[in-house]
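Let the hints inform the model, and build the full structure from the sequences given.
These protein sequence lines map, in sequence, to chains X and P. So for the first sequence, the working numbering puts the first residue at 241; every next one is plus one. So for the second sequence, the working numbering puts the first residue at 11; every next one is plus one.
Worth double-checking, as some hints may not be accurate.
30 Å max Cα-Cα, derived DSBU-like pairs, lysine-lysine [unchecked claim]:
#, chain 1, residue 1, chain 2, residue 2
1, X, Lys416, P, Lys124
2, X, Lys416, P, Lys107
3, X, Lys416, P, Lys139
To be clear, the hints were calculated from the coordinates, so they are not data collected in a lab. These numbers come from a predicted model, not from an experiment.
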Amino acid sequence: MAFFLETLLGGLMAGMLYSLVALGFVLIFKASGVFNFAQGAMVLFAALAMARFSEWMPLWLDLNNLLLSNLVAFVMAGAVMFVVAWVIERLVLRHLVNQEGATLLMATLGITYFMEGLGQALFGSDVYKIDIGMPKEPIFVLDTFFEGGVLVNKEDVIAAAIAATLVAALSIFFQKTSTGRALRAVADDHQAAQSIGIPLNRIWVIVWCVAGIVALVSGMIWGSKLGVQFSLTTVALRALPVVILGGLTSVPGAIIGGLIIGVGEKLSEVYLGPYVGGGIEIWFAYVLALVFLLFRPQGLFGEKIIDRV
Amino acid sequence: MSKKIGDVILDIQNISLRFGGVKALTDISFNVREHEVRAIIGPNGAGKSSMLNCINGVYTPQEGTITFRGQTFDHMDSHAVAKMGIARTFQNLALFKGMSVLENIMTGRNLRMKSDMFLQALRIGPAEKEEIAHREKVEHIIDFLEIQAHRKTPVGQLPYGLQKRVDLGRALALEPQVLLLDEPMAGMNVEEKQDMCRFILDVNDEFGTTIVLIEHDMGVVMDISDRVVVLDYGKKIGDGMPEEVRNNPDVIQAYLGTSH
Numbered sequence: 241m242a243f244f245l246e247t248l249l250g251g252l253m254a255g256m257l258y259s260l261v262a263l264g265f266v267l268i269f270k271a272s273g274v275f276n277f278a279q280g281a282m283v284l285f286a287a288l289a290m291a292r293f294s295e296w297m298p299l300w301l302d303l304n305n306l307l308l309s310n311l312v313a314f315v316m317a318g319a320v321m322f323v324v325a326w327v328i329e330r331l332v333l334r335h336l337v338n339q340e341g342a343t344l345l346m347a348t349l350g351i352t353y354f355m356e357g358l359g360q361a362l363f364g365s366d367v368y369k370i371d372i373g374m375p376k377e378p379i380f381v382l383d384t385f386f387e388g389g390v391l392v393n394k395e396d397v398i399a400a401a402i403a404a405t406l407v408a409a410l411s412i413f414f415q416k417t418s419t420g421r422a423l424r425a426v427a428d429d430h431q432a433a434q435s436i437g438i439p440l441n442r443i444w445v446i447v448w449c450v451a452g453i454v455a456l457v458s459g460m461i462w463g464s465k466l467g468v469q470f471s472l473t474t475v476a477l478r479a480l481p482v483v484i485l486g487g488l489t490s491v492p493g494a495i496i497g498g499l500i501i502g503v504g505e506k507l508s509e510v511y512l513g514p515y516v517g518g519g520i521e522i523w524f525a526y527v528l529a530l531v532f533l534l535f536r537p538q539g540l541f542g543e544k545i546i547d548r549v
Numbered sequence: 011m012s013k014k015i016g017d018v019i020l021d022i023q024n025i026s027l028r029f030g031g032v033k034a035l036t037d038i039s040f041n042v043r044e045h046e047v048r049a050i051i052g053p054n055g056a057g058k059s060s061m062l063n064c065i066n067g068v069y070t071p072q073e074g075t076i077t078f079r080g081q082t083f084d085h086m087d088s089h090a091v092a093k094m095g096i097a098r099t100f101q102n103l104a105l106f107k108g109m110s111v112l113e114n115i116m117t118g119r120n121l122r123m124k125s126d127m128f129l130q131a132l133r134i135g136p137a138e139k140e141e142i143a144h145r146e147k148v149e150h151i152i153d154f155l156e157i158q159a160h161r162k163t164p165v166g167q168l169p170y171g172l173q174k175r176v177d178l179g180r181a182l183a184l185e186p187q188v189l190l191l192d193e194p195m196a197g198m199n200v201e202e203k204q205d206m207c208r209f210i211l212d213v214n215d216e217f218g219t220t221i222v223l224i225e226h227d228m229g230v231v232m233d234i235s236d237r238v239v240v241l242d243y244g245k246k247i248g249d250g251m252p253e254e255v256r257n258n259p260d261v262i263q264a265y266l267g268t269s270h
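As structure tokens, then:
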């Protein structure tokens with residue numbers, strides 16, 4: 241039983257991290273109707289910025305406090321992501337108002353390659369580490385109930401808490417504020433949104449900026465777990481099934497989707513793996529996504545758009 | 011029924027619009043008076059929607075000026091237009107499909123929402139009062155358009171005629187001084203048309219909103235508009251009271267062709 245709980249918790253933690261990346265996709269899709277292929281590149285870019293700034297900060301500012309230099313690095317990386325959002329709006333999106341979704345998708349594909357290149361040119365292409373001082377040692381909980389207790393990774397718990405906070409804040413932002421409403425309006429129809437006085441350009445900067453911050457947070461957490469390196473871009477690929485499962489337009493969907501996939505991966509690996517020779521973790525999410533595409537293409541919580549013919 | 015028609019509120023002067031070699035509009039001038047219902051008619055491809063899009067800031071005309079309430083512009087900016095109090099509806103529905111009727115109309119209030127984003131998120135203090143006040147306005151519009159029953163329905167599920175009403179509702183939520191209606195009755199049956207006519211006249215009557223209207227249905231146009239401007243192949247061929255326009259030989263020719 242304790243082992244089952246351990247697996248379950250491990251899955252939930254991993255799922256939370258997937259959700260975080262998936263959130264970046266959902267944000268931009270919700271607010272501009274663009275499937276942002278560049279999300280993975282943004283995660284890498286943000287993580288690189290964060291890693292290097294926190295490395296340079298003690299040298300530049302003579303800071304010896306780990307927390308303080310991380311904080312400054314985070315703010316600076318956030319500023320970099322804001323500039324990125326602004327430049328993308330200025331140079332790319334502004335010229336593509338009222339274009340088809342596919343056109344915008346292709347544009348983000350271009351942005352992907354550009355940002356991958358630029359990130360490594362600016363910040364270097366080695367493997368860097370982000371040390372935000374998260375405790376690495378595992379702890380045991382619930383040892384009154386089970387013999388030996390349940391092993392939990394402290395780092396994972398903190399990461400999950402950060403992710404959960406971010407998600408809650410964003411959900412409220414989208415549902416309750418007029419800016420959130422404007423973002424959703426822009427996603428549905430550019431022209432109509434303009435006609436009621438929603439400033440398209442500003443909205444796009446806001447949403448790419450928020451997605452940049454989400455990328456920064458996920459880059460930071462993933463980076464501190466795995467190290468900051470080029471393969472971080474593939475984290476986005478792992479978040480794809482999450483988005484399909486949860487629905488492209490739903491913030492809570494990204495979370496639930498992430499949790500389902502995280503838990504599903506771990507449980508199936510542990511309990512089904514031995515019968516089929518293991519390796520389920522690698523393809524489980526994609527197969528689940530496929531099943532969803534067949535039977536419920538809008539995902540669990542996606543908006544079902546009904547077109548009258 | 012007599013109503014007070016005021017001074018010129020919107021003055022279009024010598025507007026020309028080209029797309030490459032295609033002349034969509036050539037030297038169009040006309041004006042719109044406060045509180046009137048002004049129709050723009052013409053055969054397909056006459057440039058009616060282009061004209062509306064120039065006023066609305068979607069297109070930028072190469073020549074000419076637009077004067078709104080004494081301010082002259084050589085092109086309009088969509089965002090500024092909405093702020094100045096010009097709202098529009100669309101020929102092909104352009105509703106926010108993922109949202110309910112209520113939310114769609116609520117978006118029309120966005121420009122007027124002033125309170126801080128964080129207060130809004132927490133629903134506290136002035137933000138809550140503001141949200142309630144806006145919601146009241148929106149409910150009023152919903153009552154007015156008789157779509158109470160569909161308040162929470164996603165707009166995509168509504169029949170076409172009702173979607174058109176929601177489009178109108180969203181524009182009304184801006185509390186515009188001038189309302190641009192691009193074929194509000196296209197594709198409707200007789201009953202729906204009558205309803206829509208009634209709404210347009212009521213808006214004009216009750217709120218004093220000036221209305222610029224593109225319409226194909228001649229019967230409707232002649233019934234509800236105060237003055238009519240006629241376009242054909244991007245040129246103005248007639249302008250005046252409905253009965254004047256109806257008897258204008260150029261207009262008859264454009265619509266019916268001439269016998270040789």
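Checking each numbered hint in turn, tell me which of them this model violates, lowest number first.
none
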